[in-house]
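*Asks:* Protein chains in written order, with my numbering: chain A, 1 to 114; chain B, 1001 to 1112.
Calculated from the structure, these hints are not laboratory results. Since the structure is predicted, the reported quantities are computational estimates derived from the model, not experimental observations. Every residue gets a Cβ at the ideal spot worked out from N, C-alpha and C, and that includes glycine. Among these hints, one or two may not hold up.
Stated by the list, open to error - Simulated pairs of lysine-lysine, DSS-like, Cα-Cα distance not exceeding 30 angstroms:
#1 B/Lys1042 x A/Lys78
#2 A/Lys42 x B/Lys1042
#3 B/Lys1068 x A/Lys78
#4 B/Lys1104 x A/Lys78
#5 A/Lys57 x A/Lys42
#6 B/Lys1068 x A/Lys83
#7 B/Lys1068 x A/Lys42
#8 A/Lys57 x B/Lys1104
#9 A/Lys83 x B/Lys1042
As the list claims (entries may be wrong) - Label pairs and their in silico Cβ distance ranges:
#10 A/Glu102 x B/Gly1083: 14 to 24 angstroms
#11 A/Ser58 x B/Asp1039: 23 to 33 angstroms
#12 A/Arg80 x B/Arg1072: 33 to 43 angstroms
#13 A/Glu85 x B/Val1013: 29 to 39 angstroms
#14 A/Val114 x B/Gln1051: 42 to 52 angstroms
Said to hold, decoys possible - To spell it out: a stretch of chain B is covered by chain A in this simulated footprint if at least three of its residues, at any positions, have a beta carbon under 8 angstroms from a beta carbon of chain A; those stretches are:
#15 1065-1076
#16 1090-1100
Each chain, written out:
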Amino acid sequence: EPEVTQTPSHQVTQMGQEVILRCVPISNHLYFYWYRQILGQKVEFLVSFYNNEISEKSEIFDDQFSVERPDGSNFTLKIRSTKLEDSAMYFCATDNGQGGTEAFFGQGTRLTVV
Amino acid sequence: KQEVTQIPAALSVPEGENLVLNCSFTDSAIYNLQWFRQDPGKGLTSLLLIQSSQREQTSGRLNASLDKSSGRSTLYIAASQPGDSATYLCAVDNQAGTALIFGKGTTLSVSS
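I would like the entire structure built from these sequences, with the hints used as guidance.
*Replies:* So this is what it looks like as structure tokens:
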């Protein structure tokens, strides 16, 4: 079964540092997403990406965040100048954008900011 | 703004029981509703997707129903097993290729 792969599984970083989270989407999928889940809270949407540009973003996705697909396979989320409150599980998801098709999620990257 | 609520927040049952998890959403103009399973510290595994034009979907011991006009979905788990212990999340979107809005989940514990 196809799967979404995320690396690293766990990242510890110091406050103020930049981190890059990586995702390899399912190959024939066209829409890519980042979500986050702070411990004990709901899964929250951050951003969606289609045709090499952001198609939708939430109020959480401010100038601290950016996304790109640098090499046509990886899909990355960059967080600049990390804050303690950025500590969360970050999930990448993909789908093919057609009605009735499921979104597939990766196993997540647990980001801990110290 | 779409809000998704799941009741109960937690549920403990003995093995073999049939059970129902509830999901409600405030805006009935949804496109898809998807049920996920999340094990502690892990990712989300898709269980069932119901399109807005459908009333229910079945996969093995799982059956999900959708009443779009009343803003409700239920996930029915038959003959529960300890391996079903996990958090079950409900999520909706309002068109293809857009964000999923999640509920907080129901944490299920099935004892042997």
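*Asks:* Against the earlier hints, flag every one the structure doesn't satisfy and list their numbers going up.
*Replies:* 3, 6 and 15
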